[in-house]
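My request is simple: use the sequences and hints to build the entire structure.
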Amino acid sequence: MLLPLGATAIVATVLLWELCRTRLLGALAWVHAEMRRRLELRRRAGGEWQVRYDPGRERRAERRARALLRSCVNEEEWAMYRDLGLLRVWGSSSSCAYVIYPHRPILAYVPQTGALLNEYCVAFPDHSRPYGSARLPDADDVLAKWMALTADEGRLVAEANMHLPGRQLDVEQVRDDLARLARWEGERLGRRATPSSGWRSRGVGDRPGSVRAA
Amino acid sequence: MKLLRLKPGHGEVVLAEGDVEVPAEEAALIEAFRRELDAGMWAAVPTERGDGRREAEMVRSFGEVPRDAERVIFFPRAAGGAF
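Going down the list, the protein sequences come from chains Y and E.
When the letters of the first sequence are read in order and numbered with the numbering used here, they come out as residues 78 to 291.
When the letters of the second sequence are read in order and numbered with the numbering used here, they come out as residues 16 to 98.
There's no promise every hint is true.
[To be verified] These stretches of chain E come out as covered by chain Y in the derived footprint (C-beta under 8 angstroms, 3 or more residues): (1) 21 to 28; (2) 43 to 53; (3) 82 to 93.
[To be verified] Residues from chain Y shown here face chain E by an in silico Cβ test under 10 angstroms; the list is partial: (4) W167; (5) G168; (6) A237; (7) W261; (8) L266; (9) R268.
Since the hints were derived computationally from the structure, they do not count as laboratory data.
The beta-carbon is built from N, C-alpha and C at its ideal position, and this holds for glycine as well.
Right, here's the structure in full:
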């Protein structure tokens, strides 16, 4: 009795194995791949954990970046960035100027009329991601744009994606910024005209007509 | 001359520093310069014109760097794109 039952069980097992073998091997391969995927995800998560966002580190980076920017641009440009959070750069043509914002598109406009021309979307991503992010500190991003624009305006404009104003920049905000810039320049000119202030300026802000932005 | 690189989460980093008139130091500067260009960086030299206007000059080789330049700044190459 036991012998036939045993033989039947063995035959049934072999038959079952033959039937399920392909599916079982497929399932095992899937489990293996899934385990590898999860291990990889865990490893990456561990790496990001080690370099996660540190506000203190970012503040120190920004401080360094601002010091470098200040050492590269002239006194007026530095004051503009410090006071207004933007930097105006004159284009190679007198009828065009650019406003540089940190980590936002560069705006081209006509300084004499305040007419907005284009926005140029450009970024300087550092793919080595030393601290988990490819994003430069704000002042370094402004410096990179300033260097690229003043050194080779055509190349930067060619590299950028050009759009009409309003695609990413808020047009009203931009007009407000240009008005703030005009007021700011007017105040500086007023101070410059006051002999007792002892303030002297030189450089890019001296172009006539630059204070009439809308 | 100092070679600086803009770096996320850090600000600028000094890659190399030396006197271009000293051959060994110049060689080290050239090697560091090439390494950054090979890594896809752009290089610029901040300059000041006679009228006080400041600007930058892009350089594509160490030979293009003015001998009296105080620093060369490397930064990631521009990429167009949405923010």
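Comparing the hints with the structure gives:
Coverage of the region 21 to 28 of chain E by chain Y holds in this model, with 7 residues showing a Cβ closer than 8 angstroms to a Cβ of that chain against a need of three. Counting residues of the region 43 to 53 of chain E whose C-beta sits closer than 8 angstroms to any C-beta of chain Y gives 0, which falls short of three, so the coverage hint is violated. Under the rule that three or more residues need a Cβ within less than 8 angstroms of chain Y, the assignment of the region 82 to 93 of chain E holds, with 5 such residues. Taking 10 angstroms as the C-beta cut-off, the interface hint given for Y/W167 holds, the closest approach to chain E being about 9 angstroms.
Because the closest C-beta pair between Y/G168 and chain E is about 12 angstroms apart, greater than 10 angstroms, the hint is violated. Hint status for Y/A237 relative to chain E: holds, with the closest Cβ pair at about 5 angstroms, below 10 angstroms. For Y/W261, the suggested interface contact is broken, since its CB lies about 19 angstroms from the closest CB of chain E, more than 10 angstroms. With a least beta-carbon distance of about 17 angstroms to chain E, the hint placing Y/L266 at the interface is violated under the 10 angstroms criterion.
Because the beta carbon of Y/R268 sits about 18 angstroms from the nearest beta carbon in chain E, more than 10 angstroms, this interface hint is broken.
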